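Residue-level listing of the chains:
Number of protein chains: 2
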Amino acid sequence: MSNQQNEKNLLPKKTGDLSDWYVAINRLADLSDYGPAKGTMIFKPYGYAIWENIQRALDDLFKEHGVENAYFPMLFPMSYLEREKDHVDGFSPELAVVTHGGGEKLEEPLVVRPTSESIMYDYYAKWTQSWRDLPILINQWNNIVRWEKRTMPFIRTSEFLWQEGHTAHATAREALDTQKWAMDVYRKVYREVLAIDGYSGLKSAAERFAGAEETLTFETMMPSMKALQSCTSHYFGQKMARAFNLVFQNQAGDDEYAYQTSWGFSTRSIGGLILAHGDDNGLRLPPRVAPIQVVIVPVKTDDEVLAEGRKIFDELKKAGVRVKFDERDYERFGYKLNDWEVKGVPVIIKLGAKEITDGVVSYRRRDTLSDGQYKRAGVASKIIKLIDTIQADMLTESVKFRDENTYDAADYDEFKRIMADRSGFIKVHWNEDTDIEMKIKEETKATTRCKLAEQSDGVDFYTGQPAKDIWLFAQSY
Amino acid sequence: MSNQQNEKNLLPKKTGDLSDWYVAINRLADLSDYGPAKGTMIFKPYGYAIWENIQRALDDLFKEHGVENAYFPMLFPMSYLEREKDHVDGFSPELAVVTHGGGEKLEEPLVVRPTSESIMYDYYAKWTQSWRDLPILINQWNNIVRWEKRTMPFIRTSEFLWQEGHTAHATAREALDTQKWAMDVYRKVYREVLAIDGYSGLKSAAERFAGAEETLTFETMMPSMKALQSCTSHYFGQKMARAFNLVFQNQAGDDEYAYQTSWGFSTRSIGGLILAHGDDNGLRLPPRVAPIQVVIVPVKTDDEVLAEGRKIFDELKKAGVRVKFDERDYERFGYKLNDWEVKGVPVIIKLGAKEITDGVVSYRRRDTLSDGQYKRAGVASKIIKLIDTIQADMLTESVKFRDENTYDAADYDEFKRIMADRSGFIKVHWNEDTDIEMKIKEETKATTRCKLAEQSDGVDFYTGQPAKDIWLFAQSY
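If you read the sequences in order, they're chains P and E. Sequential numbering of the first sequence, starting at 1, is according to the working numbering. Sequential numbering of the second sequence, starting at 478, is according to the working numbering.
Check before you lean on any hint, since a few could be wrong.
Claimed, not checked - Distance condition first, Cα-Cα at most 20 Å in a straight line; then the derived DMTMM-like pairs of lysine to aspartate or glutamate:
id	chain 1	residue 1	chain 2	residue 2
1	E	LYS801	P	GLU68
2	P	LYS336	E	ASP610
3	P	LYS324	E	GLU541
4	E	LYS515	P	GLU107
5	P	LYS63	E	ASP791
6	E	LYS945	E	ASP910
7	P	LYS38	E	GLU585
8	P	LYS105	E	GLU625
9	P	LYS105	E	GLU581
10	P	LYS149	E	ASP537
11	E	LYS515	P	GLU443
12	P	LYS427	P	GLU443
13	E	LYS703	E	GLU881
14	P	LYS324	E	ASP537
15	P	LYS85	P	ASP122
16	E	LYS794	P	ASP60
These aren't lab readings, by the way, just hints derived from the structure by calculation. The model shown is predicted, which means the values in this text are computed figures rather than measured ones.
In isolation and in its complexed conformation, chain P is listed as follows (with noise of 0.2 Å):
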């Protein structure tokens, strides 16, 4: 809130120590804070709103193809989890346990929900009878309590927000085709509204998600030069449909267990906002998902300053940018500008006298730092064609980020090499062989972050036998 303080000298250089950065912004920017039970946050009306533009994409997207909204309890009974062994094996480590209600002690303790394949699929057998009933196509918005020791804002929380799809299907292919699906639009909304790109692919056996037959992940680098998995969907097969009894009866009019998924984009996507694009004046934020795109900050707050500013507000507004005027008059230009900054707010225009004389609009992109100037007149388009650039340009940013920081190894004397001296992803030709990544993981502390589409012409880099596929590694989060 407010400070008199010139906030800027107390943050760190982000190319520094990393983590002091990433509190500080939490803290200057107004994101989060830190709640009273071990390893829970708040999120900040700030922080929030982003969480909201993420939403709003995503649910954009989910609704076109017909996935509907629900609801699920959030405390069940520890006996749904039990009904599939991998499953709860996964979950079991992490679970909040409620053992009294209303002033009792209850008969069967509750498990606060740690994802709720158990719950919804229980529901989902008990509404299908027929091919008729499929596909379900239900997605949740809700919270999830996982117990977390060691914690970070955002990117690993005890609660945490998140949407949560879950589907039922009458063919693999469908089911295939659905979880795909969502990591399409799940990688669309990194690119082009969190301006974030990485690499998609399969999880290895060891890494994915717990019960799954298939684990599709985004994976992106950040500047730690550690990988953050940044959203998942898993293809069930008819596994968990076995342990829910979940059948229906096929057109041919046989009994048959349904092909399932489910896929999740969480909270965590707001740390690995604030970690890729931030730098050491603050936050930078892509347009499409900042709360506000465009501030206007008087230089003065006199009433001919303030006037033209109300003005150019409700030009901008009456555009449609989410448009803020700083009428403060009890903090200085210097501090708000600064302010908005750290903040990470895309456009700033700086409005003084002179401005008006010479009828233009000086504006700085948060993005570069840059200054410039447009004529007053059908300035909102302008400003709205500043925007789609600004989108654009982060995202460019991103991607050479990403391929700047992607290595090729030839042989695991290399990857050691790589993986000491400068991290990042490490492309190699490799068989998937769980021994074999359970060693290097505890050699390099890498891991496989997930199998590339493309096949692989070329030579194991660990045997040296034949390689069928491509893997990225990486130290993760």
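Given the coordinates of chain P, work out where chain E should sit on it, guided by the hints.
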């Protein structure tokens, strides 16, 4: 989901046992299902879509007023609630408690939020130094757990969804205005979106929110002749600020406690909607809250009819109508017609070869069950007018129902007679007295619902003394 039987026959009469009807309509209209843990429920897609329409209406009005959304942790230490005595006394009996996390017993048990005053205001205190930091206008959309013994889908469940707005102000005037503004927003949404009218006014000391100095409520009459407390808006004065040390430096440079409000609107409103508007044929949804405003049902699914149906669908969709085309070829026309009547879709278009030949569109209004025809040309604008008419007519009906079930009682004998014979709202001249209130509750099950804004110039119905105020009594959910 699909069902070859004629489900209409399974729906009990609303005028018979209302609980039976309510349970049946929830199932047959695909609104909800029972959760596995006591008192929990599933919001099925059709029921949840109603909530999404309510959310959008409220959220737009909040944002227009400058309220920002945020998210606070669901789990927090019990000690937070204990900071304000009345508040903890009110909520203690309903708490769900997490005692274990990540496989270990927690040092301090955590409560699942029954409401968020206590955690939010602790942070408001931390974030506030001067009058410049005020007002704080924050809203949350989240889930709440209050352990309930007697539950009823939507109306009273152990977990429910709502929004909770929480504000802090530099003056009592501003806080009181905000409390009133929130109730005005709620009443507007009830009237204009849900087409339900009721009475708003202040709660008695015995009925107000735990910890509040004043509670405004909106009370609606259900066909059971019980009132439903439909949403509330609270003024805390400086009471909460004292408990949480929410102090600001005012413009004179002195420390002062902030003035606060909170206000909530929950998924209980969907229960009210079902009860208020449903009839013997199922649900009746006002168009503004209906997930589907118009459904096109082909008499036969032959090519000509399907092609025409798609044309009408496209025209309505383009005009901004939430329209569905029921192309299912495996269900009979009669079944489908009944299905949409049960689901309460405001306008059902019945499309056969005859309509195409005659160049007309046949429709049924769900609210009145009356049939009509429009000329085919320019049908979209006529349907939009029809939708507005239905919305207005349903509100008129609700006002009439409220007025017809509001009685005056000159003395306590008449009061008891009305309450025994007809129930409903009873309007009386009365001076608030908690002992009398408790006695009336014991003898008639009726409680004060609210004090109306009008002043009394009459005689207290209980004591015969000159009365200051006019109060509404009713039995309630």
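- prompt: Which hint numbers does the structure go against, in order from smallest to largest?
  reply: Result: hints 10 and 11 break, sorted rising.
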